[in-house]
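Number of protein chains: 2
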Amino acid sequence: MPRHKGDHDARRRDVSAAVWRVLAAHGFGGLTLRAVATEMGATTGLLTHYFPSKKDLVAHALTLLDERRAGRPDRPAPDGLGALRAMLLDILPSTPRAAADNRIWVGSWDAALADPDLAAGHAARYAGSRERIRQHVRTAQSLGELPPADPDDVAAAVQSFALGLIVQALFAPDEFPPERQTRLLDGYLATLAGDR
Amino acid sequence: MPRHKGDHDARRRDVSAAVWRVLAAHGFGGLTLRAVATEMGATTGLLTHYFPSKKDLVAHALTLLDERRAGRPDRPAPDGLGALRAMLLDILPSTPRAAADNRIWVGSWDAALADPDLAAGHAARYAGSRERIRQHVRTAQSLGELPPADPDDVAAAVQSFALGLIVQALFAPDEFPPERQTRLLDGYLATLAGDR
Numbered sequence: 001m002p003r004h005k006g007d008h009d010a011r012r013r014d015v016s017a018a019v020w021r022v023l024a025a026h027g028f029g030g031l032t033l034r035a036v037a038t039e040m041g042a043t044t045g046l047l048t049h050y051f052p053s054k055k056d057l058v059a060h061a062l063t064l065l066d067e068r069r070a071g072r073p074d075r076p077a078p079d080g081l082g083a084l085r086a087m088l089l090d091i092l093p094s095t096p097r098a099a100a101d102n103r104i105w106v107g108s109w110d111a112a113l114a115d116p117d118l119a120a121g122h123a124a125r126y127a128g129s130r131e132r133i134r135q136h137v138r139t140a141q142s143l144g145e146l147p148p149a150d151p152d153d154v155a156a157a158v159q160s161f162a163l164g165l166i167v168q169a170l171f172a173p174d175e176f177p178p179e180r181q182t183r184l185l186d187g188y189l190a191t192l193a194g195d196r
Numbered sequence: 001m002p003r004h005k006g007d008h009d010a011r012r013r014d015v016s017a018a019v020w021r022v023l024a025a026h027g028f029g030g031l032t033l034r035a036v037a038t039e040m041g042a043t044t045g046l047l048t049h050y051f052p053s054k055k056d057l058v059a060h061a062l063t064l065l066d067e068r069r070a071g072r073p074d075r076p077a078p079d080g081l082g083a084l085r086a087m088l089l090d091i092l093p094s095t096p097r098a099a100a101d102n103r104i105w106v107g108s109w110d111a112a113l114a115d116p117d118l119a120a121g122h123a124a125r126y127a128g129s130r131e132r133i134r135q136h137v138r139t140a141q142s143l144g145e146l147p148p149a150d151p152d153d154v155a156a157a158v159q160s161f162a163l164g165l166i167v168q169a170l171f172a173p174d175e176f177p178p179e180r181q182t183r184l185l186d187g188y189l190a191t192l193a194g195d196r
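If you're matching them up, the sequences are chains A and B in order. Each residue of the first sequence is one higher than the one before, starting from 1 at the first, in UniProt numbering. Each residue of the second sequence is one higher than the one before, starting from 1 at the first, in UniProt numbering.
It should be emphasised that the hints constitute simulated quantities derived from the structure, not laboratory data. You can trust all of the hints, since none of them are fake.
Going by beta-carbon spacing under 8 Å, a handful of chain B positions derived as facing chain A:
#	residue
1	G30
2	R103
3	W109
4	A114
5	A157
6	Q159
7	F161
8	F171
Restricting the straight-line Cα-Cα distance to at most 25 Å, the calculated cross-link-like pairs of lysine-lysine (PhoX-like) are:
#	chain 1	residue 1	chain 2	residue 2
9	B	K54	A	K54
10	B	K55	A	K55
11	B	K55	A	K54
12	B	K54	A	K55
Since the structure is predicted, the reported quantities are computational estimates derived from the model, not experimental observations. Every residue gets a Cβ at the ideal spot worked out from N, C-alpha and C, and that includes glycine.
If we strip away everything but chain A, and leave its shape as in the complex, we get (with noise of 0.2 Å):
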């Protein structure tokens, strides 16, 4: 019956711009069935039909911010030092969109901390982040771009300062605007590497 699956495959992505909106204008704290059904002029009864529960709209939630990521073609970029700047460059919050982005990601965190399931989830994007750090850090040894230390250490101290950067960046946008942004990581990976 392919006409019944492209209705509700239609009717979820109507679902999905709807959670988007309610995430900007409220965050996460605001994420109800009610407030989602209100934003789709639907009622919670044709909601719940889609989505059982407020968890299973916030897991949702965070599979559509995964496939917006996974959908973003990656800057080209050599290997090592440039591609680590590079993956650096497309996570922080130097766009409206990449904003908007990083705002719904780190709202999640408070809802994600009061779930287990949620926060299992949190636990293994950031180890996958971390992994991927890792792959570049390695290559910019071996090519003598960065100095032998634990590639895991550097991974999360990596992952350290991008996350902060990101969260103040998005509670102070003026002091924080793109160039300066990449200031600081430009900055940051020149002490990695021990020029400054």
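Knowing the structure of chain A, use the given hints to seat chain B on it.
Chain B only, in chain A's frame:
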């Protein structure tokens, strides 16, 4: 009427304790007047006498955290890099209490990013924290412990590192036990200083 004032203060302390318990169990997303009233065995009506809206509750919870932090004695430390290290060790989630406090700070970001007044409060808190870091950085530079570099940028970078490490440690406490947090911090300060 000192007696009446005392009753009021005692009741506010009861409310505060209930707010803590709700936050620890459910995060800011679960912080509702009804949840706090239930936790206290009181009516929502009584609670609204002290906190007319959810926003007042959130603001009160953040004030409690500020007071807890301000009430902690400073770790004795020399000036400069040692003082910076001591300040950061006090922030990191390396004890159960520090982890609980950080969990609440991180959880508050969702609500704060959805509300201009709360966001302004957080922006001011982080600006104040960067200013304290900057003073330590300037002292460390004057002592020759850190190379000359824009102290504002160094302070923003240090705060980035600390905030991001907090977030990762909250989601993956087993991968970021206290001794690894300390090692990562010391590694970061060493790269800043240029000794590796």
